[in-house]
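**Student:** These are the residues of each chain, in order.
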Amino acid sequence: MKRRRYNSVLAVYPSVRGFGYVLFEAPMSVVDWGVREVRGRQKNQRCLVAIAALLDRYQPDVLVLQDMSAAGTRRSIRLRELNAGIEEMAAEYGFAVYAYSRAQVRHAFAPYGVTNKHSLAEVIAKHLPVFERYVPPPRKLWMNEDARMSLFDAAALALTFFQSLEEGELGIG
Amino acid sequence: MSANMAARVTAKTAVDAFTMTKKLASYVRTHRRRWALTQDELAGLLGYETSAIISALERNVREPSLRAAHSLSLIFDVSPAELFPHLHLTTENEVLQRARDLYDRLQGNTSRAVKLKLDFLEDVFARADARPESAT
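Line by line, the protein sequences are chains A and B.
Our numbering numbers the first residue of the first sequence as 442 and each following residue consecutively.
Our numbering numbers the first residue of the second sequence as 74 and each following residue consecutively.
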């Protein structure tokens, strides 16, 4: 059977401050990336507008999100609503959507000795040098999570997708 | 010649329907951000006063001038075809179509000059066919 190849994969990771996104054309080929900070009222609506602009611009073959279902990763109500909104929008556009939980991402990166988000960011930056300058300093107990971390979370989701594609075990589609 | 080429293209399209490489129209943004350059800085390197042209090139709402394409190619050490694959492919399609038209018009003439032209055009078709992402 001929394996289907996806030419562009957009991963979006909603965070407390907005969202991070990464567009890949292959596992080692990053085309665009960024962190969008959204403040104030109607955060979700404004995030969806920004994500719609990304989808319009890049028309990806696949959209990869975090699995925020009951069996997936526990996130706040607002973020779950935002994730659901993104999924609905992707369905309207007709893009394939795959979702991976935090545990699945950790499992995918386990061979690299990833134990926390910072080490995940370092592993990704090592494999994709374009992200080197975005690795935040290690987080202290009293610090909030750095906004740049959503970039690495999005990249990790996309790389998990590529890995599951290799293994033939795609996430929730 | 044209019929054979069309048959090959049809077969290739059927087999590679899923594996065709879909590329962005412009990779200027990717390369600019790869090296942490701002649009203003890149505009400055190209000799423009404002970053509007860079924004337009990144969004593919404007075709690059020859000078801009060469400058970007020099700056990023990437060929203009790689920076603007859509433009490259469109141009290739148009040129090949015109070459096919000329090839058809020249048929039946047995002069030496025409033979030379036909050989050259066949070489053009062969080169296009050999390219991995040929527009043929």
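Rather than coming from a laboratory, the hints here were simulated on the basis of the structure.
Each residue gets a CB set at the ideal place from its N, CA and C atoms; glycine is no exception.
Keep in mind that a hint or two might mislead.
Below, simulated SDA-like cross-link-like pairs (lysine to any residue); rule was C-alpha separation at most 25 Å, straight line [to be verified]:
no.	chain 1	residue 1	chain 2	residue 2
1	B	Lys190	B	Pro158
2	A	Lys567	A	Arg487
3	A	Lys567	B	Arg107
4	A	Lys567	B	Phe149
Away from chain B, derived, C-beta distances all over 12 Å, residues of chain A [what the hints assert, rightly or not]:
no.	residue
5	Val471
6	Val472
7	Asp473
8	Gly475
9	Gln483
10	Arg498
11	Gly535
12	Val538
13	Ala549
14	Ala551
15	Gly554
16	Lys567
17	Pro570
18	Pro579
19	Leu582
20	Ala588
**Student:** For each hint given before, does the structure comply? Return the numbers of the non-compliant ones in rising order.
**Tutor:** 1, 2, 5, 6, 7, 8, 10 and 17
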